Amino acid sequence: MVGARPAHAEFMQIWEEGYVSTSTSFEVMHTKSIMLLDGASLRRPDGELDRERILRFLDAAIGGLEFFRLRLQRGVLGLTPPAWVPDDEFDLARHVRFTDGVRTLASARLWDLAGHADGVMPLRHPLWRLRFTALDDGRVAVGMTFHHASFDGMSGMKLFSAMSRPSPELPDARENPFADVRPARAIELPLLAARGWLRRHDGAASAWRSYWSWKPTRRIRRLGGRILRPLRDRRSRDPGVRAAKLPPRHTDFRTIDAATAARTAAALGGTLSDLLVAATIRAYGDPGVVNLRYPVSARPVAADRPRNQVTDMQLFGTASLPLEELVPALRAQVVDRDLLAPPDVPGRQIGYATLLPWVSSPRYFCGALIEGIIPFAAGLGEDEITAGAILYNGRLSIGVTMQAHADVATVTEQLGRIMTGESSEIAATGRPV
Amino acid sequence: MTTTTTVDELSEWLVGRIEFYGRVPAGSFTVDTELTELGLDSIYAMSLCADIEDTYGVPLDPSVFEHWTTLRELAEGVVGRMRTV
Chain A
1 MVGARPAHAE
11 FMQIWEEGYV
21 STSTSFEVMH
31 TKSIMLLDGA
41 SLRRPDGELD
51 RERILRFLDA
61 AIGGLEFFRL
71 RLQRGVLGLT
81 PPAWVPDDEF
91 DLARHVRFTD
101 GVRTLASARL
111 WDLAGHADGV
121 MPLRHPLWRL
131 RFTALDDGRV
141 AVGMTFHHAS
151 FDGMSGMKLF
161 SAMSRPSPEL
171 PDARENPFAD
181 VRPARAIELP
191 LLAARGWLRR
201 HDGAASAWRS
211 YWSWKPTRRI
221 RRLGGRILRP
231 LRDRRSRDPG
241 VRAAKLPPRH
251 TDFRTIDAAT
261 AARTAAALGG
271 TLSDLLVAAT
281 IRAYGDPGVV
291 NLRYPVSARP
301 VAADRPRNQV
311 TDMQLFGTAS
321 LPLEELVPAL
331 RAQVVDRDLL
341 APPDVPGRQI
351 GYATLLPWVS
361 SPRYFCGALI
371 EGIIPFAAGL
381 GEDEITAGAI
391 LYNGRLSIGV
401 TMQAHADVAT
411 VTEQLGRIMT
421 GESSEIAATG
431 RPV
Chain B
1 MTTTTTVDEL
11 SEWLVGRIEF
21 YGRVPAGSFT
31 VDTELTELGL
41 DSIYAMSLCA
51 DIEDTYGVPL
61 DPSVFEHWTT
71 LRELAEGVVG
81 RMRTV
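As given, the protein sequences belong to chains A and B, one line each in that order. Numbering of the first sequence is given in the working numbering, commencing with residue 1 and proceeding in unit increments. Numbering of the second sequence is given in the working numbering, commencing with residue 1 and proceeding in unit increments.
Worth flagging that the hints you see were computed from the coordinates, not collected in a lab. Predicted model only: the values in this text are computed from it and were never measured. Glycine is no exception: its CB is placed at the ideal position from the N, C-alpha and C atoms. Be a bit skeptical, because a hint or two may be false.
As the list claims (entries may be wrong) - Computed cross-link-like contacts, SDA-like style, restricted to lysine to any residue with a CA-CA straight-line distance of at most 25 Å:
hint, chain 1, residue 1, chain 2, residue 2
1, A, K158, B, D32
2, A, K158, B, G27
3, A, K158, B, S28
4, A, K158, B, S42
5, A, K158, B, V64
Unchecked claim - Far from chain A, some chain B residues (derived; all Cβ distances over 10 Å):
hint, residue
6, T5
7, E34
8, M46
9, S47
10, V64
11, E73
12, V79
13, R81
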């Protein structure tokens, strides 16, 4: 018998479905970062993590946030996009891991600190996970895994603001925001989608006209794609396909003074983002023309529950171009983004770069000062390099991911030096120039 | 965040943020300096919006800088929005 609580569902947007279309794409879009905390209040006198205190803070700080309680529900027969519904078996502790012992940030595999070894997140529950690790320098690393289907860079920054506090005090606990609703079942999604469609239009006639403004072939293709998803997924599980989509990777990071980097960018005629892309191209050092995917706002921010509101453009350049020419050239491409689009963008695509501005004042998580956040941008598995940066409290933390055979340490070091104006050279990785 | 924040208080806070960003020397600008002269590119415009929302609870989109072109106008606009909440 259906309960008295109304069914709740938030449908994915078209462009978000691809992130969960196959098991491989789902795994690729696990997005990781490491939050570094002042560990003084999070560790017991023996140096071990104070797990009870951490869980208490988490329960108060994020247990009442909608984002952390929503899971994915696919619609029956693929008639609708998947929807986010409340997890009626939500258990915060299920999403939190603690590392035994102490690790060193410099030598530990950053991927492990970020939670990579914890594996693929189950679709049955909300798509997030935190791993707390005590570091030998007294700090605590919080490996954060989220899924790109549930957020983009800008909504991610708002999520960080919602998770954290301006002071170290224990926040007031919040109620379950979904206490008065229940998760919509798969079979209910088509009716809920139809009702939502009608509500967004001024009457049935308007809704009907809007529905048929799409070509029927487009709708049939979408529906067919969902119905055939299990077959596509089977192909994606082929070992050869998976090996190509998920090759071994490793990471490094640098944290630099943001104002210094911003002045370097301005002197070169661009923004911090332009400089990040230029520094990535230059540090990577490919002798030919290359391009990087780069996110730009694509749509007006939706008033209700915006998650993914960006699209990727491609910025191209060559490492042989001096920064004084490369940075302005990239700026011009961003300004005139409508003039050139794939497949007309020149160069070989090597990866992705993004820079996210967060707040410039100190924030606290679990009662501890956030010293920095190292982002690992959600690239495609076959990307040769991804560079993500977060601007926080006057510092710019840059996380670089490359395939396991590449010299990520040298490239990251040089990328940071280019950003601060210390150097403009190509990274000395031994690559022929 | 308080709905009693005055334009002068918010203006002073904004000056502090611009100085912290380090894009222009402290003391080289006033609340009536055009924002375009304060080194606020798209990244720092978004960062300032995040700072305002984080501190004063007023969500802003960087498109507001098309209409509020000085720190004083920005302070007046934000205070106005605070009072309508």
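Now for the hints, and whether the structure bears them out:
A hinted pair counts as satisfied when its Cα atoms are at most 25 Å apart, and K158 of chain A with D32 of chain B does not qualify at roughly 30 Å. Among the hinted pairs, K158 of chain A with G27 of chain B is inconsistent with the structure: their alpha-carbon atoms are about 31 Å apart, more than 25 Å. Of the supplied pair hints, the one linking K158 of chain A and S28 of chain B is violated, its CA atoms being roughly 32 Å apart against a limit of 25 Å. With a C-alpha separation of about 17 Å, the suggested pair K158 of chain A and S42 of chain B falls inside the 25 Å cut-off, and the hint holds.
With a CA separation close to 18 Å, the supplied pair K158 of chain A and V64 of chain B stays within the 25 Å bound. Annotated as non-interface, T5 of chain B keeps its C-beta farther than 10 Å from every C-beta of chain A; the closest such distance is 15 Å. The claim that E34 of chain B lies off the interface holds: its Cβ sits roughly 16 Å from the closest Cβ of chain A, which is beyond the 10 Å cut-off. Here M46 of chain B does not stay apart from chain A, with its beta-carbon only about 5 Å from theirs, under the 10 Å limit.
The beta carbon of S47 of chain B is not kept farther than 10 Å from every beta carbon of chain A, the shortest such distance being approximately 4 Å. With a closest Cβ-Cβ approach of about 13 Å to chain A, V64 of chain B is found to remain outside the 10 Å limit, as its non-interface label requires. Chain A leaves E73 of chain B outside its interface by the beta-carbon criterion, the shortest separation being 21 Å against a cut-off of 10 Å. Every C-beta of chain A lies more than 10 Å from that of V79 of chain B, the closest at about 19 Å, which supports listing it as non-interface.
Every beta carbon of chain A lies more than 10 Å from that of R81 of chain B, the smallest distance being close to 16 Å; the non-interface claim holds.
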